[in-house]
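Engineer: Read top to bottom, the protein sequences are chains A and B. Oh and the first sequence: position 230 is 230 in UniProt numbering, straight run, nothing missing. Oh and the second sequence: position 104 is 104 in UniProt numbering, straight run, nothing missing.
If you are wondering where the hints come from, they were derived from the structure by calculation, not from laboratory data. Among the hints, erroneous ones may be present.
A pair holds if it fits inside one copy or across any two, identical chains being indistinguishable in the list.
[What the hints assert, rightly or not] No more than 20 Å apart at the CA atoms, straight line, and that leaves these computed lysine to any residue pairs for SDA-like: (1) K348 - P5; (2) K176 - S128; (3) K91 - V243; (4) K348 - G7; (5) K176 - L107; (6) K155 - E174; (7) K239 - G331; (8) K91 - V211; (9) K354 - E270; (10) K348 - R263; (11) K354 - P302.
There are 2 protein chains.
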Amino acid sequence: MSPLPQGSTIGILGGGQLGRMLSLAASKLGMKTHIYCPDANSPAFEVTPHKTVAAYDDEAALAAFADAVDVITYEFENVPAATAEFLAARKPLRPGANALAISQDRLAEKSFLASKNIPVAPHRAVESLADLEAAIDALGLPAVLKTTRLGYDGKGQRVLRDRADAAAAFAALEPKPLVLEAFIPFDKEISVVVARNTTGEVRAFDAAENVHRDHILFTSTVPADIAPGLEKHAAMLAKVIVVALDYVGVLGVEFFVVPSGERQALVVNEIAPRVHNSGHWTEAVCLTDQFEQHIRAVLGWPLGDPARMADVVMENLVGDEVLTVPTGIDGNTQPHLYGKTEIRAGRKMGHINKITRRS
Amino acid sequence: MSPLPQGSTIGILGGGQLGRMLSLAASKLGMKTHIYCPDANSPAFEVTPHKTVAAYDDEAALAAFADAVDVITYEFENVPAATAEFLAARKPLRPGANALAISQDRLAEKSFLASKNIPVAPHRAVESLADLEAAIDALGLPAVLKTTRLGYDGKGQRVLRDRADAAAAFAALEPKPLVLEAFIPFDKEISVVVARNTTGEVRAFDAAENVHRDHILFTSTVPADIAPGLEKHAAMLAKVIVVALDYVGVLGVEFFVVPSGERQALVVNEIAPRVHNSGHWTEAVCLTDQFEQHIRAVLGWPLGDPARMADVVMENLVGDEVLTVPTGIDGNTQPHLYGKTEIRAGRKMGHINKITRRS
Numbered sequence: 001m002s003p004l005p006q007g008s009t010i011g012i013l014g015g016g017q018l019g020r021m022l023s024l025a026a027s028k029l030g031m032k033t034h035i036y037c038p039d040a041n042s043p044a045f046e047v048t049p050h051k052t053v054a055a056y057d058d059e060a061a062l063a064a065f066a067d068a069v070d071v072i073t074y075e076f077e078n079v080p081a082a083t084a085e086f087l088a089a090r091k092p093l094r095p096g097a098n099a100l101a102i103s104q105d106r107l108a109e110k111s112f113l114a115s116k117n118i119p120v121a122p123h124r125a126v127e128s129l130a131d132l133e134a135a136i137d138a139l140g141l142p143a144v145l146k147t148t149r150l151g152y153d154g155k156g157q158r159v160l161r162d163r164a165d166a167a168a169a170f171a172a173l174e175p176k177p178l179v180l181e182a183f184i185p186f187d188k189e190i191s192v193v194v195a196r197n198t199t200g201e202v203r204a205f206d207a208a209e210n211v212h213r214d215h216i217l218f219t220s221t222v223p224a225d226i227a228p229g230l231e232k233h234a235a236m237l238a239k240v241i242v243v244a245l246d247y248v249g250v251l252g253v254e255f256f257v258v259p260s261g262e263r264q265a266l267v268v269n270e271i272a273p274r275v276h277n278s279g280h281w282t283e284a285v286c287l288t289d290q291f292e293q294h295i296r297a298v299l300g301w302p303l304g305d306p307a308r309m310a311d312v313v314m315e316n317l318v319g320d321e322v323l324t325v326p327t328g329i330d331g332n333t334q335p336h337l338y339g340k341t342e343i344r345a346g347r348k349m350g351h352i353n354k355i356t357r358r359s
Numbered sequence: 001m002s003p004l005p006q007g008s009t010i011g012i013l014g015g016g017q018l019g020r021m022l023s024l025a026a027s028k029l030g031m032k033t034h035i036y037c038p039d040a041n042s043p044a045f046e047v048t049p050h051k052t053v054a055a056y057d058d059e060a061a062l063a064a065f066a067d068a069v070d071v072i073t074y075e076f077e078n079v080p081a082a083t084a085e086f087l088a089a090r091k092p093l094r095p096g097a098n099a100l101a102i103s104q105d106r107l108a109e110k111s112f113l114a115s116k117n118i119p120v121a122p123h124r125a126v127e128s129l130a131d132l133e134a135a136i137d138a139l140g141l142p143a144v145l146k147t148t149r150l151g152y153d154g155k156g157q158r159v160l161r162d163r164a165d166a167a168a169a170f171a172a173l174e175p176k177p178l179v180l181e182a183f184i185p186f187d188k189e190i191s192v193v194v195a196r197n198t199t200g201e202v203r204a205f206d207a208a209e210n211v212h213r214d215h216i217l218f219t220s221t222v223p224a225d226i227a228p229g230l231e232k233h234a235a236m237l238a239k240v241i242v243v244a245l246d247y248v249g250v251l252g253v254e255f256f257v258v259p260s261g262e263r264q265a266l267v268v269n270e271i272a273p274r275v276h277n278s279g280h281w282t283e284a285v286c287l288t289d290q291f292e293q294h295i296r297a298v299l300g301w302p303l304g305d306p307a308r309m310a311d312v313v314m315e316n317l318v319g320d321e322v323l324t325v326p327t328g329i330d331g332n333t334q335p336h337l338y339g340k341t342e343i344r345a346g347r348k349m350g351h352i353n354k355i356t357r358r359s
C-alpha cells in the first residue's frame, strides 16, 4: 500500500493522554484525527474537531467511525477483540488484531515470547486454587499472582510471600484465569520502544531505565546505566518481537535486568502494543519522537530518525504534582500537560523531560 | 497577573499554519484553543474543537469569542486596529495593540525603530507623485517603493531602477500612502526570533540566515554564517525592540547584513509581532520552540530554554514541493505539514527541518 497522503484521517481508539499525543503528532504530519472514546470528558477530544462518544461495542458507532477514517490505531491494549475484528474488516487496523490478542492476555503473551526464545519469567496458568498450590510448589515463593487480562499500573496483582496468603489472593483477583509468575530479583527495570512499518523497516529508540513509585512509572532515565552490550541485546530482542508479530506501529517492551553470574541478563516483563509512558522522553531529544514514529508506521510512511540529541530524565506528574508547572520547573525542562480537567490522586496529569547533559 | 493554569483557553486570531502550530504548542501545555478566522476552510480548525468562522469586524462574534477565552493572541500582524481594541477591552490581548499598530504600518515601524536608535534603511513617506520625485532625489536609485500597509511575501512593492518607472509604480501600488526605501546592497539576510513575557524576561533564539526565492522564504540556516559579534549584536537589537514595545510574546526581526568598511553591520528590514517562518527550525532542535515560547509568554509563564541542540536547515515546502514528503526526504529530516487541502503554486504547504550537524 502506498503511504497515506497529508489530509488523510487517522481514527484513534481511546481518548486519554496517549491518544491526545498521537493526535498532536498526526497533526504535525498534516493529518486529521478522529478520536473514539466512551468518556465524553476525554482529554484527546480537545485537539481535534472529529470525535465519537460511544461504547466500544456500539456497532453502529464503530461502523460510522470506520467510514469516516482512512486507517485506525489505538492508545490502549484492552480494545475488545470483537471491536478490533469489526473495525479491521472495514479499514486497516494498525497494529493488527493479532498483537492486541496476544498482549491483552498475559499467558498468551508469555507463551508467544517463549516460543520465540525470548526470556520470560517462569510462570504457570492458575484456574483453580489447586492450580495455584501446584504452581507454588513448582515456582516457590515469593511469587506474583496476576490476572491474565486488564491489569495495569499494579492493578490486578498480588505478591505472595506465604502459602497461607494463597487462598485470599486467589479469591480477590478477578477476572479469572490467573497466572503465577516466579518473583524475579531484578537489579533494575529498563524498556525499549521499537517501531516497525508496513514495509518491514524496524528502528528502536535508546533504552530507558525506569523507576516506579506506588506501581506507577515515576522516572525514565536515558541513557540507562547498563552495559552497552546489554542495551544492544535489549534492542535486538525488541526487534525480534515486532518482526515475529508482523507488527506495524510502536511497541513498548519492558525488561527486568537480572544478575547472571558476573554479568547481567534480560527477562521480558511485558509488552505493550502502543506508544509507551517510558518513551515520553523521546519528545524532548529525538528528531522523531515515539508518537510521530507510531503515526508514520500507521500511515505506511518510512520511519523517522530515533537518534537522541541529549541525555534526559522523564518524570511523570501524578496527581497534584502537575501544579509544580510552570513555576516549579527550571529552564532546562520541557513540560507536557494533558489538559485533564480534574486532578485526582494517582492520576497521570502530565510529564516533564529534564535535559541532564547536552551531547 | 499569575500564570494561567492548564485548562485555560487561548483565543487565536487567524487560522493559517501559524495559528495551527500555536494551537498544537498550547495543547502540549494542557491548554484549550479557540481559533477565530473568516475562512471556513482554515487548516487550524483541524486541531481544536473550538472555532469561530466570522469576519474580523463582526462585533457579535468577537464579543462571544472574547467571552469564551482567557487570553487572546494572533498569528498575523494585519489584525484590524478596531478589532484589536474591541478585543483588548474584554480580555488580555498579547502582544498588545501597540505592537500591532506599529508593525502594520511600515512608516510607523521605521519611525519607531529609528527613535530607539535601531538602524533602518533611509526612507521617505510618499503620498503623491511629487513626494516620490523628491524622495528619489533624496535617496537615489535604485530604491524600493512599498505600500505602508498589508504587504507580505514581496506583495505590495516595486523596485525602481529608472526615474521613468516612477509614475507607473506609484499608480500601481495600493493602498496609499507609500514609502520609498533606499536600496540596501546587503551581503545576506538574517533574522532573530525573540521573546518577552509578562514579567519582563527576555530570551532570543539563535540567528537564522535566510534565503528567499520568488519573494518567499526558501531556507533558514542555523547557525548563520556571520561573525559571533554580529550575531550577539542582532540578539541585542531584537531585545531592545521588545523592551521598547513593552512586548509580550514572540517577535521576528529581519535584518540585512551590510558591508561596513572591513566588517559588516546590521540594518533592520522589518519586524513581525508573531511567530515567524524563519523560526520554524526551533521546532526540531530546541527544548522550547518558538511556538511554545509564544504560548508561554501569552500565558504569563516563565520563558523556556531556547538553546539549540544541533545545526539545522529549515526549508519551506511551497506548492507541490509538499509531495516530496514522505518518500523524498531522508531520515535526518523532520517534516511538518500544514494539512492544507488544496495545493496551489506559491502556497506554503509545509516545511522540513534537516539536521546538518549534531553537536
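Engineer: Does each hint fit the structure? Answer for all of them.
Structural biologist: Each hint tested on the structure:
For the homomeric pair K348 and P5, the shortest alpha-carbon distance between copies (17 Å) is at most 20 Å, but the shortest distance inside one copy (33 Å) is not. Within a single copy, K176 and S128 get their C-alpha atoms as close as 9 Å, which meets the 20 Å cut-off; across copies the closest is 88 Å, which misses it. Taking the closest pair of Cα atoms, K91 and V243 never come within 20 Å of each other, the shortest separation being 22 Å inside a single copy and 54 Å across copies. For the identical chains of this complex, K348 and G7 are inter-copy neighbours only, at 15 Å across copies versus 31 Å inside a copy, given an alpha-carbon limit of 20 Å.
In this homomeric assembly, K176 and L107 come within 20 Å of each other (Cα to Cα) only inside a single copy, at 12 Å, whereas the closest approach across copies is 77 Å. When the C-alpha separation of K155 and E174 is checked against a cutoff of 20 Å, the pair qualifies only within one copy, where the shortest distance is 10 Å, while the shortest distance between copies is 69 Å. For a Cα distance limit of 20 Å, the shortest separation of K239 from G331 across copies, 19 Å, qualifies, whereas the shortest one inside one copy, 36 Å, does not. Taking CA atoms no more than 20 Å apart as the test, K91 paired with V211 passes in neither setting, with 38 Å inside one copy and 44 Å between copies.
Taking the closest pair of Cα atoms, K354 and E270 never come within 20 Å of each other, the shortest separation being 26 Å inside a single copy and 36 Å across copies. In this assembly of identical chains, the alpha carbons of K348 and R263 never lie at most 20 Å apart, being 35 Å within a copy and 55 Å across copies at closest. For a Cα distance limit of 20 Å, the shortest separation of K354 from P302 across copies, 16 Å, qualifies, whereas the shortest one inside one copy, 29 Å, does not.
In this structure, the earlier hints numbered 3, 8, 9 and 10 are contradicted, and the remaining ones agree with it.
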